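For the protein sequence lines, the chains are E and C, in the order given.
Counting from 1, one number per residue, gives the positions in the first sequence under the working numbering.
Counting from 1, one number per residue, gives the positions in the second sequence under the working numbering.
Hints are computed from structural coordinates only; laboratory data are not their basis.
Quick caveat: nothing in here was measured; it's all calculated off a predicted structure.
Note that beta-carbon positions come from the ideal geometry of N, C-alpha and C, so glycine has one too.
Please note that the accuracy of each hint is not assured.
[Said to hold, decoys possible] Pairwise CB distance ranges (calculated):
no.	chain 1	residue 1	chain 2	residue 2	range
1	C	Pro-110	E	Glu-157	40 to 46 Å
2	C	Val-109	E	Glu-65	17 to 23 Å
3	C	Tyr-90	E	Ser-101	15 to 21 Å
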Amino acid sequence: MKEFLIALLSAVTLQNILFTRGLGANPIFSISRRSYKTSALFCGFMAYFMLSLTALSFWVSPLLENLHTAFSSYVLRPIVYLLILTIIFAVTCFVLSKLFSDFFSENEKTITSACFNCAVFGTVLLTLSKPYSFMQSLGYASGACIGFILALIIVSEGQRRIELSPVPKSFKGLPVSLIYIGLISLAVYGLVGHQLPA
Amino acid sequence: MQENRNLPNDAKTDTFFGSRINRASVLRISRRLTVSVGNLFFKNPILVGGIILSPVISAVTTFRSGVAISIAVIIICIPSIIISELSSKYAPFWVSAIIGALVSALMSVPAYKMISPLSPDIFDNIGIYFPIIMLSSFSSAFTHNRKRRIFIWSVTDVVCAVCGFAFFAILIGSIREILAYGTFNGKLLGIEFKMSGVAMPFFGFILVGFILAIVQKIKNSTVFFKNLIKRRKEVQ
Chain E
1 MKEFLIALLS AVTLQNILFT RGLGANPIFS ISRRSYKTSA LFCGFMAYFM
51 LSLTALSFWV SPLLENLHTA FSSYVLRPIV YLLILTIIFA VTCFVLSKLF
101 SDFFSENEKT ITSACFNCAV FGTVLLTLSK PYSFMQSLGY ASGACIGFIL
151 ALIIVSEGQR RIELSPVPKS FKGLPVSLIY IGLISLAVYG LVGHQLPA
Chain C
1 MQENRNLPND AKTDTFFGSR INRASVLRIS RRLTVSVGNL FFKNPILVGG
51 IILSPVISAV TTFRSGVAIS IAVIIICIPS IIISELSSKY APFWVSAIIG
101 ALVSALMSVP AYKMISPLSP DIFDNIGIYF PIIMLSSFSS AFTHNRKRRI
151 FIWSVTDVVC AVCGFAFFAI LIGSIREILA YGTFNGKLLG IEFKMSGVAM
201 PFFGFILVGF ILAIVQKIKN STVFFKNLIK RRKEVQ
């Protein structure tokens with residue numbers, strides 16, 4: 001349990017997927033301006049895909065351990081994880097379309113973008129590249145989800161405040177949001193701690 | 001047909017230099033081509049909506065990594081976006097997303113083969129951001145205009161947008177390499193002043209933000225681009 005909590009806390013703060021690695025920048029921008037319901041649905045499905053992919057990939061990855069080439073680590077492994085993600089997504093969509101067809105037809109695009117985004121895939125690749133136990137892997141994936149939600153709240157609140165501020169015309173919209181995220185990212189790097197050369 | 005509506009009357013009837021090609025269609029094609037080329041900047045995946053942003057922010061820290069990411073995006077994204085867009089006409093949205101994912105996975109093999117000769121440590125530099133491109137392409141596909149369009153223009157738009165991505169990725173990589181390491185393409189430039197923080201992701205966010213602001217400034221102020229926007233609106 002201690003291992004789980006340490007991995008979770010580390011992923012939420014010091015290794016936040018958006019602020020330290022830039023993962024999930026695209027979904028953050030696409031959902032930060034939508035309704036709370038859509039954002040919550042997106043985050044819920046993203047957590048579901050991220051955790052289930054981490055759990056399944058954790059059991060599959062030892063089968064690929066014998067392949068120690070660069071090709072296997074940069075191409076073969078990701079393809080296997082992508083296939084697993086695709087299977088989870090296909091099963092989920094099939095079940096939802098049969099059982100909750102109205103809900104699915106309304107939210108098909110949200111569910112699809114919650115599954116196929118760099119935050120989900122990047123988190124799984126990062127988790128499985130570390131010598132983590134099963135509980136640590138789940139802790140890291142859960143922390144990444146919580147960190148993403150935290151980042152989403154910070155970015156959407158920041159965007160709301162920036163809109164009310166007198167920003168130069170050229171910086172309005174995405175540029176100022178990127179600079180805002182960059183400054184928060186800088187603060188997170190400050191938490192990690194860097195020393196100036198003597 | 002919609003594009004024809006905005007053309008002058010004489011253009012609809014005249015022939016082009018006495019040839020059998022209709023002048024109206026030539027005008028229409030030239031207008032549409034201008035729009036597609038304009039998409040290099042205005043519908044650029046990085047600069048509009050922050051698409052495929054994570055590799056640029058975190059992995060593109062040198063000229064070579066910029067070239068590598070650009071090659072990967074060109075090889076992986078163009079076929080997957082086109083095939084998923086084609087399949088979306090005949091299959092549900094979620095099925096076309098799966099088809100696109102499988103095409104991306106398949107195309108990552110030739111992309112790996114193309115990138116590996118660039119440098120022996122190129123994959124150590126770009127790390128997890130190479131496989132991430134497999135899924136980033138879907139983000140582009142989602143934001144892509146999903147109205148029913150002529151296939152050839154759809155392809156032209158995708159190619160132009162991806163080429164625009166490549167241009168900006170290489171530009172960002174070059175700037176960061178010069179500032180962070182004092183080198184360009186691995187060769188020393190003799191610059192004593194180096195800022196190692198430039199290679200960190202936070203500077204990536206800030207740099208992309210400033211480049212985007214410069215592009216918006218140019219877009220808003222230049223007459224040529226204003227006319228281009230006007231033409232794009234006419235076509236759309």
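Tested hints:
1. C:Pro-110 with E:Glu-157: 40 to 46 Å: Between Pro-110 (chain C) and Glu-157 (chain E), where Cβ atoms are some 43 Å apart, the hint holds.
2. C:Val-109 with E:Glu-65: 17 to 23 Å: 21 Å, holds
3. C:Tyr-90 with E:Ser-101: 15 to 21 Å: 20 Å, holds
This entry satisfies every hint, going by the numbered hints stated previously.
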